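Given these sequences and hints, build the entire structure.
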Amino acid sequence: MVVTRRATVRHLLTSPHLRAGSLLGGEAGLDAPIGDVIVRARVEPELPPIEGSVVVLDVERLGDHLYQVDQAIRVISDSGAVALLIVNQARDVGPSVRRLANRFEVPVFEIDSGDVMALAQSLRSELLFPDIEHAAAVDHALDSFDRRLVLTPDGVVDVISDLMNMDCCLMAADRVVIAGPRIEIGGRRLADSNHHYVDHSLESALHSVPIAIVPGEEPAYWLIAESEGSDSAQRTLASLMRLGAWYLATILASARVNAERDARRRITLLNEILDTTEVSEAGIANQITALGWTTTGWNTGLNIQLRGSVDSGRVLNLHAEMRQRLGDAGIDGPLIERTDGWSGWISDPKEPPVDSYPTIVRSIASALTGFVGSHSDLTAHAGVGRPHTELVGLRRSLSEAREASMISHARGREASGAAHIDQIGVQRILMGWFASEDFASFAHTVLEPLIAVDPDGQMLRTLEVYLDANCSATAAAVKLDVHRNTVANRVERVCLVLGVRLEDPETRLSLQLACRMLHLDR
Amino acid sequence: MDQLNLDDIEALALGATLLGTGGGGDPYIAKLMMRQAIEEFGPVEVVEAVDLPPNSLILSTAIIGAPTVILEKIPAGTEFVAGIRSLAAYLGKEPAAVMAIEVGGANTLLPIATAAEMGLPIVNADGMRRAYPQIEMTVFTLGGLSAGPLSVADEKGNRCVFETTTNQIAETLARTAVIQLGLANAISCYPMTAGQLVEHGIQGSITYCTRLGHLLEDVKAGREGAWQTFLDESESVEFFTGKVIDLDRRTTEGFARSTVILEHLDDGNRTMRIEVQNENLIAFEDGEAVITTPNLICMLDSETYDPITTESIAYGNRLIVIGMPCAPEWHVEGMLDLVGPRAFGYDLDFVELPG
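If you read the protein sequences in the order shown, they are chains F and P.
The numbering of the first sequence is my numbering, which starts it at 120 and goes up by one.
The numbering of the second sequence is my numbering, which starts it at 52 and goes up by one.
Read the hints as simulated data drawn from the structure, not as lab findings.
Heads up, a few of these hints could be off.
[To be verified] In silico contact screen, one side only, chain F against chain P (beta carbon under 7 angstroms); selected entries:
hint: 1; residue: Y186
hint: 2; residue: D189
hint: 3; residue: I192
hint: 4; residue: S215
hint: 5; residue: R217
hint: 6; residue: R218
[Said to hold, decoys possible] Across the chosen pairs, the derived CB separations fall in these ranges:
hint: 7; chain 1: F; residue 1: Q240; chain 2: P; residue 2: R300; range: 54 to 62 angstroms
hint: 8; chain 1: F; residue 1: E347; chain 2: P; residue 2: L316; range: 30 to 38 angstroms
hint: 9; chain 1: P; residue 1: R369; chain 2: F; residue 2: Q240; range: 43 to 51 angstroms
hint: 10; chain 1: F; residue 1: M236; chain 2: P; residue 2: F401; range: 38 to 46 angstroms
hint: 11; chain 1: P; residue 1: T129; chain 2: F; residue 2: S141; range: 23 to 31 angstroms
hint: 12; chain 1: F; residue 1: M236; chain 2: P; residue 2: R301; range: 41 to 49 angstroms
hint: 13; chain 1: P; residue 1: L142; chain 2: F; residue 2: M236; range: 53 to 61 angstroms
hint: 14; chain 1: F; residue 1: R243; chain 2: P; residue 2: F401; range: 35 to 43 angstroms
hint: 15; chain 1: F; residue 1: R243; chain 2: P; residue 2: V120; range: 44 to 52 angstroms
hint: 16; chain 1: F; residue 1: E347; chain 2: P; residue 2: S353; range: 56 to 64 angstroms
[As the list claims (entries may be wrong)] Which stretches of chain P does chain F cover? Using the computed rule of at least three CB atoms under 8 angstroms from a CB of chain F, they are:
hint: 17; stretch: 99–105
hint: 18; stretch: 290–301
hint: 19; stretch: 333–345
Just so it is clear, the structure is predicted and the values come from calculations on it, not from any experiment.
Where is the CB? At the ideal position from N, CA and C, for every residue including glycine.
This is the structure we're talking about:
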């Protein structure tokens, strides 16, 4: 349903000013939208009323010439005007009026009013009031935006909420609320193109306007409001939301530009740190200081990798949240956006005790658990390096953290997790494999026949758990919560599909590595 | 046609009622008077104006007043001859023929009865070839002929002659006299020579009226194709067949005004509205003016094909409405000012008949 733009004849006839009158005919035309109310001494074909107008005709002034009422109906119909209001009929206008009204579907309403001009003026004010209110609201919003009185998404949402006296919020693509109070969408539809959309599936109308930072891109945000107001209130809300969405797009785009600029500076610096050799470079140290960071003392590198629908834009958008979550978990230090996640470090003037790393790993793991909890389309795994001194040490620690996060991802069947380089131990030997593109494509080729017949991944998971359980069907059955015969049966089918024999240790090792590789590659 | 005799009376009366276009006065009494005059004085000779000596005097007679009064106040019969004689005496010249001012309604037949009584021929011409409520509404006015001097006579012997400067004043003075004399009187106006009549009058009116009457008689007799022949010969257009659903009669400003509303027999939402001031003047179909004065709006009973006068219309009558073109002599400069819709107070343009 489209929000009605204008009042209809039916609406107008409910006016308190017309309560004493009656409809003579033309019911079929009651839903025509009204543009204006005009007073006419006569309605002639030479000077037809404007399209969409309701014509008020003072019948008392027509005297004997009541044929002019018939003529008026005809002219109104021909000109696209929508209704005739006959006022003060001293004599009955006769049965032809009803018939003509029905024939031409022009509602004819009669009322004794006395002052025709006053009646028309009242109806006009009533009709135009929503337009005036609408214009005032739009003007206020425009003024607020144009004079930069609000500069944040919260400010924009507040302007709309205050003007309409209802909740409004800005929601990201993953339905995380960015500004304003949360509005429950449930199963209702949001706008899927670059247009305003109203979902009427529930009693209250759910308005949504998509916001794409770059025109033509998929919408990254939605401005959402729920309204139970009148048609005119909904029309005003829709206009304000469209205006707000346009302004939000500029705010968000400018925030994006700033974030990208900052991120670029950080990533450039990170790359320089990673390239550092034995000698500390004074230039890098200066830049680190300029960004408010420090590398003096002992530095523990961190690496967070995201998998799922992720790109550099998404990482930028999630940057503030990740900072916040790590901060809340007690992890404070530089955090640098990469295309698939973040790198960072924690600095400590004194050497951290050897047994302190589990605390850091737990803190990061809990932060990531919260993070993936609100972004269900992502997985996040972190790695933590050993503490080392100075810039050169930081480089080492960052490399260790990267290896640890990769291993964590590879072995992790959970949506999030964290691992310290020392927890990985001999598994670091696998890094060479995991980092290899050739091995990634080989792993795919090996498992391809199984993936093709196993769209939900049940067989693959059974294979992986079976191998991890030292080829014990009983142990795997416990982990998978199925009967051991089921495990045995599935493994037999896997062997059949892949054309392998698991009695061969090399085959087992290859398949186990290939399964790990799939975690990384997903 | 050289003579009008008893056999022509019915057709002439039928044609006159049709040309009365709803008004013109009920020709019934006039028909009786014409019958009596012919029985008493013999057939009336019909002459063409062109066949008369150009300088010979032609005088008219007509009944003037209110149609509703004329229905009840039957003419004595003496006032018509008296009116002509008064004017002839004033002019000092005897008339060579009698003329009908309006061939339409009662005033078609009364001059014939008068001609019979006076032993004069009736001239085959008139000034309207339809009925109009006012003296000045003639083609003679358009031709610049004066309605005066004119005489007004009543049944008691009162007579007066007016000299007037304009035809509108002639109407005003005559109307004032008539109001005092009982609203059913004889008038003799537009005294003219045969030459003037040839130049400015509508020729052949009496024969046209009689012809229409005969055509309608054929229709009434149910002859095959008669209705179409009637429409073709009279160049009429059939507009509407409907039932009277509303009738509003009122007398204002000296006119019998009424509004007749018909509902179409096949489609209840189609309506025709006919505005009447003595005669049918405007017909609106669904709010749009489709026939306007000076063209004729005639209503006929849809079963008997009798032309219907406004006074006799009743709720529930089933009627055929036709539009008939006015005499071509009307189509000269000044026509709409004199007899167009605005001359009767309707702020509408003249509408040509289709076809």
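Taking the hints in turn, this is what the structure says about them:
Given the 7 angstroms rule on beta carbons, the hint for F/Y186 holds: about 6 angstroms separates it from the nearest Cβ of chain P. Proximity of F/D189 to chain P holds as hinted, the smallest CB-CB distance being about 4 angstroms (cut-off 7 angstroms). Hint status for F/I192: holds, given a least beta-carbon distance of 5 angstroms to chain P, under 7 angstroms. Against a cut-off of 7 angstroms between C-beta atoms, the interface hint on F/S215 holds, since the closest Cβ of chain P lies about 4 angstroms away.
The criterion of a C-beta within 7 angstroms of any C-beta in chain P is not met by F/R217, whose closest approach is roughly 9 angstroms, and the hint is violated. This hint holds: F/R218 has a C-beta 5 angstroms from the nearest C-beta of chain P, less than the 7 angstroms allowed. Between F/Q240 and P/R300 the Cβ separation comes to about 38 angstroms, which falls outside the hinted range of 54 to 62 angstroms. Take F/E347 and P/L316: their Cβ atoms lie about 52 angstroms apart, and the range 30 to 38 angstroms is violated.
Look at P/R369 against F/Q240: about 47 angstroms separates their beta carbons, and that is inside 43 to 51 angstroms. Distance hint check: the CB atoms of F/M236 and P/F401 are about 34 angstroms apart, inconsistent with the given range 38 to 46 angstroms. For P/T129 and F/S141, the hinted distance range of 23 to 31 angstroms is not satisfied, since their beta carbons lie about 58 angstroms from each other. One distance hint, 41 to 49 angstroms for the beta-carbon pair F/M236 and P/R301, is violated here, with the actual separation near 29 angstroms.
Checked against the given bound of 53 to 61 angstroms, the beta carbons of P/L142 and F/M236, roughly 60 angstroms apart, stay inside it. For F/R243 paired with P/F401, a C-beta distance near 37 angstroms keeps the hint of 35 to 43 angstroms intact. Our hint of 44 to 52 angstroms for F/R243 and P/V120 holds, since their Cβ atoms are close to 51 angstroms apart. Hint check: F/E347 to P/S353, Cβ distance near 60 angstroms, so the stated range 56 to 64 angstroms holds.
With 0 residues having a Cβ less than 8 angstroms from any Cβ of chain F, the stretch 99–105 of chain P misses the three-residue criterion, and the hint is violated. Only residues whose beta carbon comes within less than 8 angstroms of a beta carbon in chain F count, and the stretch 290–301 of chain P has 4; three or more means the coverage holds. Given a C-beta distance limit of less than 8 angstroms, the hint that chain F covers the stretch 333–345 of chain P holds, as 6 residues qualify and 3 suffice.
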